[in-house]
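Colleague: Residues per chain, in single letters:
Number of protein chains: 2
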Amino acid sequence: MDIDEARALDLSSPLAFARERFRLPDGVIYLDGNSLGALPKAAPQKLEETAERQWGEDLIASWNKHGWIDWPTRVAAKLAPIVGAKPNELLIADSTSICLFKLLATAAQARPGRKTILTQRRNFPTDLYVAQGLADLLGLHVKAVEPDKIQSALDEDTAVVTLTHVDYRSAAFYDMRAINEAAHAASALMLWDLSHSAGAIELDLDGTGCDLAVGCGYKYLNGGPGAPAFIFVAERLQDELANPLRGWMGHAEPFAFVDDYSPGEGIMKFLTGTPSILALAALEAGLNTFDGISMADLQAKSRKLSDLFVSEVEMRCGAEVRLASPRDPARRGSHVVIAHLEGYAVMQALVARGVIGDFRAPDLMRFGFCPLYNRFEEMVQAAKILADILGTGEWDQPRFHRRSKVT
Amino acid sequence: MDIDEARALDLSSPLAFARERFRLPDGVIYLDGNSLGALPKAAPQKLEETAERQWGEDLIASWNKHGWIDWPTRVAAKLAPIVGAKPNELLIADSTSICLFKLLATAAQARPGRKTILTQRRNFPTDLYVAQGLADLLGLHVKAVEPDKIQSALDEDTAVVTLTHVDYRSAAFYDMRAINEAAHAASALMLWDLSHSAGAIELDLDGTGCDLAVGCGYKYLNGGPGAPAFIFVAERLQDELANPLRGWMGHAEPFAFVDDYSPGEGIMKFLTGTPSILALAALEAGLNTFDGISMADLQAKSRKLSDLFVSEVEMRCGAEVRLASPRDPARRGSHVVIAHLEGYAVMQALVARGVIGDFRAPDLMRFGFCPLYNRFEEMVQAAKILADILGTGEWDQPRFHRRSKVT
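For the record, the sequence lines run as chains A and F.
Letter 142 of the first sequence, counting from 1, is numbered 140 in the working numbering, and no numbers are missing.
Letter 249 of the second sequence, counting from 1, is numbered 247 in the working numbering, and no numbers are missing.
In case anyone wonders, no lab produced these hints; they're calculated from the structure.
Treat the hints loosely; a few may be bogus.
[Claimed, not checked] In silico lysine-lysine, DSS-like type, Cα no more than 30 angstroms apart, as pairs:
id, chain 1, residue 1, chain 2, residue 2
1, F, Lys403, A, Lys76
2, F, Lys113, A, Lys113
3, A, Lys44, F, Lys382
4, F, Lys403, F, Lys382
5, A, Lys302, A, Lys76
Quantities reported herein were computed from a predicted structural model and do not represent experimental measurements.
The whole structure should be built from the sequences, with the hints applied where relevant.
Modeller: Printed below as a string of structure tokens:
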């Protein structure tokens, strides 16, 4: 495809208008929104309003006057159409890792006698570490199997299954409904990590029978670096489940200051400590970038973007690169990985030319497509630059081989 | 004392200059820095810099370029002189409640076979709820006793003692060294909650033999609403203790993306998930308000402020009010509680007149003194306004009796 054809696609895209909601630096093709979403234009003003006028002027009274006390649920409600859940099933809280621990512990406690946490080998590392830490603490066992062995590994000892829905490397995703049904057939609870799904593809947590989920606020939800995470607990489970990470913000009457814990109603009991209001303010600006966006349109554009990128890369770069994601865009999330033996250095050379993706060992160059701001034109340009870097050997310079702290 | 004498004290105070580091609204006497510290003037610019220039311009590269990956330890190091600890013993992370859970679980795991978490009745509620939740999860027992019975309640079943150093109601505080020694004599670990201590009074965590501590970032440390908390783990314990809330940020090599957990060095293993960089930016501005401040000067001013307030209130208001904090300022933290049968309504009337304190059931009006920004002049003015409200019965209006969500 030539640039003009790509530009024509951009002009006719129903999501073209959404790019104006972001501030993106000139000369950059940002294909790493799956690691850190771009800055929503409204975020700095929202932070200023929260810091200067609310914190600065109204001080402690802001908890009532500006309703800070309700922000974890009020902001979470904006996620409901993005993930296909009811507003009262969602909460913003903590980090993804802490939320994973919280819901895994909740699930383990709800299945006394069962000793297995079932998960996938090469799951996102923190998901494995959290499960291992909880298992050591409670005398449980983490069983990690290949992705296609999850259903056959379920048994009467399985308390909870925890999986990342969209794989952070390959972008392959699980059939949510099938896994939920298999877990339920084994009387286990199912906990999804939606970090690479929420805001990237269409989800229907309620329609597919999800029990529990967590997700990341700083990737496709554009909530800013280290944004708080979200928790989903199906309404039908909220009465029976108890959060073992009790804290005053999850108490039925936090300001009664009584010695004994009584859980708050519904999703509220899953709050623990005092939430960062500044972080919530930025996350709200991130979620507002989805205002009026149809998730069906978003998913359609995501697939078209990644499909165009893959075909342009393959056409221009040939056999030197290899697609390491499912070829069918309907079988992957909103990123792709392209393998190259010198992927680290090639990615550094791309970054130096303004094409920002990231690298995952051993040889995976990862490119994320955010349908709210990425353009078809960028797909063609990025593929051209990649072909250029490979063709000229531009990547083979000492400065591109040096590893940085964060890759 | 008349206002002119109080102003003379302000002029001669070695901390007078520090008020300029804060933005405080006109017409307000803010005596609630123990609930939410005032806005540091540098905070909005720090947020803007972090959001617009770092997140907005440098995007994902900021983790390296702006050193975000090191912020939890870099910002924590600024706490070292404030709490009397080594920089490598401190970490910014999560919320106070989550940090309490993390360190309590760590401590319980380090004392296998021991089944008791010892604490105080009427401890700050979240401290009790966290302990109860962990005890239920692990099959432990929470023993809550009167403050003067802690040492005699220690026995060979005590895994960990958890206490709030400065009581959030009365401001009375424990003898840290004596409690640490008693806990150690029983081979138990000691976990302090410093939420009402850090930034309020002189602390010497290392000198008094502390094991573990957590504290709040949004009170005297001025880190903003719901600021992240801090964790202290004594260097001598860092090798032997393991954090059961494992996460990728506490891994020895977070970006190796391996399936098995290897704890990071020293304090690093107590990190779990990705920290909010925006919340850290605001907290850094809060900690910077302590630059060049001697904690001895700060404590001396705190005592003089509260002493002046108490004597002015007692002199002007007479028997209608009762001091419900220790009378000796050397035996209390940086706030006082004044009891009045209609304390809630009286506090609302005070707030309506611009004197901001808060209320704790059943009858306690709580006033906090932040030596960095509160002035002696404000002590006299606030006492005068309180006397006026009590003398005229101005507080006895329906609008002042209405309870709000957060009190």
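Colleague: Could you run down the list of hints and mark each one as holding or not?
Modeller: We went through each hint and held it up to the structure:
Among the hinted pairs, Lys403(F) with Lys76(A) is consistent with the structure: their alpha-carbon atoms are about 23 angstroms apart, no more than 30 angstroms. Restraint check: the Cα-Cα separation between Lys113(F) and Lys113(A) comes to about 21 angstroms, which is no more than 30 angstroms; the hinted pair holds. About 38 angstroms separates the Cα atoms of Lys44(A) and Lys382(F), which puts this hinted pair outside 30 angstroms; it is violated. This hinted pair checks out: Lys403(F) and Lys382(F) have alpha carbons roughly 29 angstroms apart, not beyond 30 angstroms.
A hinted pair counts as satisfied when its Cα atoms are at most 30 angstroms apart, and Lys302(A) with Lys76(A) qualifies at roughly 26 angstroms.
Of the numbered hints listed earlier, the single one contradicted by the structure is hint 3.
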